[in-house]
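Heads up: the sequence lines are chains Y and E, in that order.
Mapping of the first sequence onto full-length UniProt numbering: position 68 corresponds to residue 68, and the numbering continues sequentially without gaps.
Mapping of the second sequence onto full-length UniProt numbering: position 169 corresponds to residue 169, and the numbering continues sequentially without gaps.
It is possible that part of the hints are untrue.
Claimed, not checked - Derived list of chain Y stretches under chain E, where covered just means 3 residues or more per stretch with a C-beta under 8 Å from a C-beta of chain E:
1. 2-11
2. 102-116
3. 125-131
4. 165-172
To be verified - The calculated lysine to aspartate or glutamate pairs, modelled on DMTMM-like cross-linking and capped at a C-alpha distance of 25 Å, are:
5. Y:63 with Y:157
6. Y:153 with Y:72
7. Y:81 with Y:141
8. E:281 with E:499
9. E:427 with E:318
10. Y:37 with Y:119
11. Y:126 with E:244
12. Y:154 with Y:57
13. Y:37 with E:318
14. Y:93 with Y:33
15. Y:37 with E:238
16. E:197 with E:512
17. Y:126 with Y:170
18. Y:37 with E:499
19. Y:126 with E:318
Calculated directly from the structure, the hints in this document are not laboratory data.
In this text, a Cβ means the ideal position worked out from N, Cα and C, and glycines have one as well.
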Amino acid sequence: MSTQEANRRLVRRLVMGAVLMFGFGFAMVPLYDVFCKVTGLNGKITNTGPVAVAPADTSRSVKVRLIAVHNEGMPWEFSPKDGVLRVNPGEMKQTAFMATNPTGRRMVAQAVPSVAPAEAAEYLHKVNCFCFEQQPLMAGESVEMPLLFVIDKKLPEHIRSLTLSYTLFDISPEVSAADQTNKEQRL
Amino acid sequence: MSTLDTTLEQDTHAHHGPAKGLGRWLFTTNHKDIGSMYLWFSLLMFFIGGCMALMIRAELFQPGLQLVEPGFFNQMTTMHGLIMVFGAVMPAFVGLANWMVPMMIGAPDMALPRMNNWSFWILPFAFAMLISTLFMDGGAPNFGWTFYAPLSTTYAPPSVTYFIFAIHMMGISSIMGAINIIATILNLRAPGMTMMKLPLFCWTWLITAFLLIAVMPVLAGVVTMMLMDIHFGTSFFDAGGGGDPVLFQHVFWFFGHPEVYIMILPAFGIISQIIPTFARKRLFGYASMVYATASIAILSFLVWAHHMFTVGIPLAGELFFMFATMLIAVPTGVKVFNWVATMFRGSMTFETPMLFALAFVVLFTIGGFSGLMLAIAPVDFQYHDTYFVVAHFHYVLVPGAVFSIMAGAYYWLPKWTGHMLDERMGKLHFWLSFIGVNITFFPMHFIGLAGMPRRIPDYALQFADFNMVATVGAFIFGLSQLVFLWNVIACVRGGRKAEARAWEGAEGLEWEVPSPAPYHTFSEPPKLPESLR
Numbered sequence: 001m002s003t004q005e006a007n008r009r010l011v012r013r014l015v016m017g018a019v020l021m022f023g024f025g026f027a028m029v030p031l032y033d034v035f036c037k038v039t040g041l042n043g044k045i046t047n048t049g050p051v052a053v054a055p056a057d058t059s060r061s062v063k064v065r066l067i068a069v070h071n072e073g074m075p076w077e078f079s080p081k082d083g084v085l086r087v088n089p090g091e092m093k094q095t096a097f098m099a100t101n102p103t104g105r106r107m108v109a110q111a112v113p114s115v116a117p118a119e120a121a122e123y124l125h126k127v128n129c130f131c132f133e134q135q136p137l138m139a140g141e142s143v144e145m146p147l148l149f150v151i152d153k154k155l156p157e158h159i160r161s162l163t164l165s166y167t168l169f170d171i172s173p174e175v176s177a178a179d180q181t182n183k184e185q186r187l
Numbered sequence: 001m002s003t004l005d006t007t008l009e010q011d012t013h014a015h016h017g018p019a020k021g022l023g024r025w026l027f028t029t030n031h032k033d034i035g036s037m038y039l040w041f042s043l044l045m046f047f048i049g050g051c052m053a054l055m056i057r058a059e060l061f062q063p064g065l066q067l068v069e070p071g072f073f074n075q076m077t078t079m080h081g082l083i084m085v086f087g088a089v090m091p092a093f094v095g096l097a098n099w100m101v102p103m104m105i106g107a108p109d110m111a112l113p114r115m116n117n118w119s120f121w122i123l124p125f126a127f128a129m130l131i132s133t134l135f136m137d138g139g140a141p142n143f144g145w146t147f148y149a150p151l152s153t154t155y156a157p158p159s160v161t162y163f164i165f166a167i168h169m170m171g172i173s174s175i176m177g178a179i180n181i182i183a184t185i186l187n188l189r190a191p192g193m194t195m196m197k198l199p200l201f202c203w204t205w206l207i208t209a210f211l212l213i214a215v216m217p218v219l220a221g222v223v224t225m226m227l228m229d230i231h232f233g234t235s236f237f238d239a240g241g242g243g244d245p246v247l248f249q250h251v252f253w254f255f256g257h258p259e260v261y262i263m264i265l266p267a268f269g270i271i272s273q274i275i276p277t278f279a280r281k282r283l284f285g286y287a288s289m290v291y292a293t294a295s296i297a298i299l300s301f302l303v304w305a306h307h308m309f310t311v312g313i314p315l316a317g318e319l320f321f322m323f324a325t326m327l328i329a330v331p332t333g334v335k336v337f338n339w340v341a342t343m344f345r346g347s348m349t350f351e352t353p354m355l356f357a358l359a360f361v362v363l364f365t366i367g368g369f370s371g372l373m374l375a376i377a378p379v380d381f382q383y384h385d386t387y388f389v390v391a392h393f394h395y396v397l398v399p400g401a402v403f404s405i406m407a408g409a410y411y412w413l414p415k416w417t418g419h420m421l422d423e424r425m426g427k428l429h430f431w432l433s434f435i436g437v438n439i440t441f442f443p444m445h446f447i448g449l450a451g452m453p454r455r456i457p458d459y460a461l462q463f464a465d466f467n468m469v470a471t472v473g474a475f476i477f478g479l480s481q482l483v484f485l486w487n488v489i490a491c492v493r494g495g496r497k498a499e500a501r502a503w504e505g506a507e508g509l510e511w512e513v514p515s516p517a518p519y520h521t522f523s524e525p526p527k528l529p530e531s532l533r
């Protein structure tokens with residue numbers, strides 16, 4: 001094989017390697033999500049929907065701290081109804097978050113939850129949560145947003161307290177853009 | 001491939017010297033021309049990045065805000081990092097590879113000379129674009145050289161788009177350079193030059209080139225994701241849209257950790273060429289050096305999360321990344337011990353390149369040890385984002401990578417220019433640099449351990465004295481680089497005539513050709529000298 005042929009073959013392989021690695025960079029995005037889901041890392045909550053009703057474990061209780069966070073530029077008033085809750089594992093607990101839109105325009109918000117320690121995330125089941133849906137509010141309007149959750153009885157013993165935090169994002173621009181497209185499509 | 005054939009034919013037909021005028025530099029495919037351009041370019045970037053560093057240090061001379069706006073300070077830390085990493089250190093290594101790899105393996109030129117020209121000429125444009133952001137509305141990138149999202153997406157100045165394209169261009173340039181070096185080393189070795197006879201500089205560069213091909217595309221990917229988040233409404237790193245800012249750090253450091261080895265493995269190669277020359281002994285443990293380099297490269301893919309111990313990794317992850325990181329100390333230790341063993345009972349002399357090489361071994365090891373300290377996950381929570389980290393990576397990059405480049409430059413200058421260096425001036429440069437670098441960076445360990453955060457233009461009063469010392473050191477180090485510039489220019493313009501074998505103990509094919517190296521070397525494959533057979 002001549003040097004030139006060898007060069008050409010080698011270059012082809014190396015370029016292919018580079019292209020594959022470029023793809024791998026993007027593949028890390030879904031891989032990361034899958035990894036977090038499988039291992040329950042990162043405090044991302046994936047357990048939603050109804051759970052089988054079972055008697056609560058009254059022998060221990062867990063301190064659940066509720067936190068409301070505004071993302072940048074989010075003018076809403078946003079706070080938990082209860083700052084701290086004592087919950088027995090297996091017990092269905094109801095609470096709520098309050099939101100007020102103090103601005104003079106209609107806005108749409110999306111809450112994104114996170115659990116700390118991350119290890120506890122897979123034991124927190126949300127039966128009903130305002131974070132499942134987008135929350136529109138007219139100018140000056142207020143709303144009480146319900147949250148219904150159960151802590152799994154399999155929660156490891158050493159976790160005595162956990163924090164459930166919600167960050168509120170302003171998604172009005174995205175929503176209005178989507179509405180616009182829908183309208184155009186209907187026309 | 002007919003065009004390639006004809007070029008090759010022309011080259012062999014006319015043994016012409018370089019073309020005249022500016023065209024020589026624009027259109028050259030000669031590895032020596034391109035190597036020189038890379039080296040001059042990186043020297044220019046070294047001075048630009050250095051001026052930024054001095055601006056940072058001047059502001060930190062005293063507590064309180066003195067000279068620059070905090071926003072501009074952030075632009076300086078960001079641009080200093082980007083320019084030094086991508087503009088000074090990496091192109092300098094590519095320049096050395098361009099000059100030396102073909103001469104070390106007995107090849108007439110790089111395997112892909114036209115691509116070589118292209119990969120260099122992308123760089124001035126990329127950096128012109130990056131530096132132009134300083135003059136844009138909203139200023140230059142100000143989010144640190146690690147450009148964590150959402151700081152670099154949601155909160156970034158508008159110039160971030162230019163930064164992204166500049167990174168793309170640098171990435172393309174590096175990948176093409178890497179492909180060229182791999183093709184040259186694998187396909188153009190002189191007959192009899194087996195892989196295990198390759199000079200170590202070629203070996204370390206070969207491995208570095210593979211690292212570049214593996215991770216530069218990942219960097220291109222992560223900046224592309226940023227671009228899409230900023231302009232096309234995706235949410236890779238935006239939690240509000242279902243993305244995750246921590247993902248950014250994972251992807252970035254998957255590139256970033258191999259990147260730090262990209263900046264040090266060629267340095268290992270240079271030092272492994274220089275120490276045997278001035279110890280007048282063969283390199284101790286050649287094979288173990290090769291395997292150590294390869295293991296460092298492989299391990300570099302498994303340790304990235306040690307940069308992010310504090311983001312909330314579970315215990316098992318912290319332990320894995322902690323121990324994997326510490327494991328790297330083993331092959332690195334092999335290298336350091338091999339260098340020491342090479343010097344043991346050698347007949348050593350201390351010319352300028354050797355002084356820089358010795359300083360490299362000592363100071364790089366100090367940087368390595370502070371790296372080990374940072375690798376300990378539980379204490380990293382204390383050190384994270386403090387000046388201790390700044391001290392650590394400057395110890396491995398300045399008296400590490402930069403000293404090795406200077407050592408290499410002094411070592412091969414006689415071959416490039418045909419003139420010996422003025423040893424007195426060389427030693428002056430060395431001692432000023434050596435003292436300056438330690439005065440600058442050693443106190444940073446202390447203020448870091450005491451809790452001074454990095455990338456902040458102001459600081460608490462208790463850090464004042466050490467910061468003042470560091471600033472004085474920085475100006476000593478910075479100004480002493482003018483001596484380096486003087487030395488290089490003086491060496492180009494004249495001096496004692498260098499022999500083919502410029503240093504008494506030098507071995508290898510590059511010392512078989514006359515000094516200065518003729519425009520075309522090894523047009524016919526050479527017979528290996530006795531020492532390499």
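Exercise. Any hints this thing doesn't respect? Which numbers, in order?
Worked result: Numbers 3, 6, 9, 14, 18, 19, in rising order.
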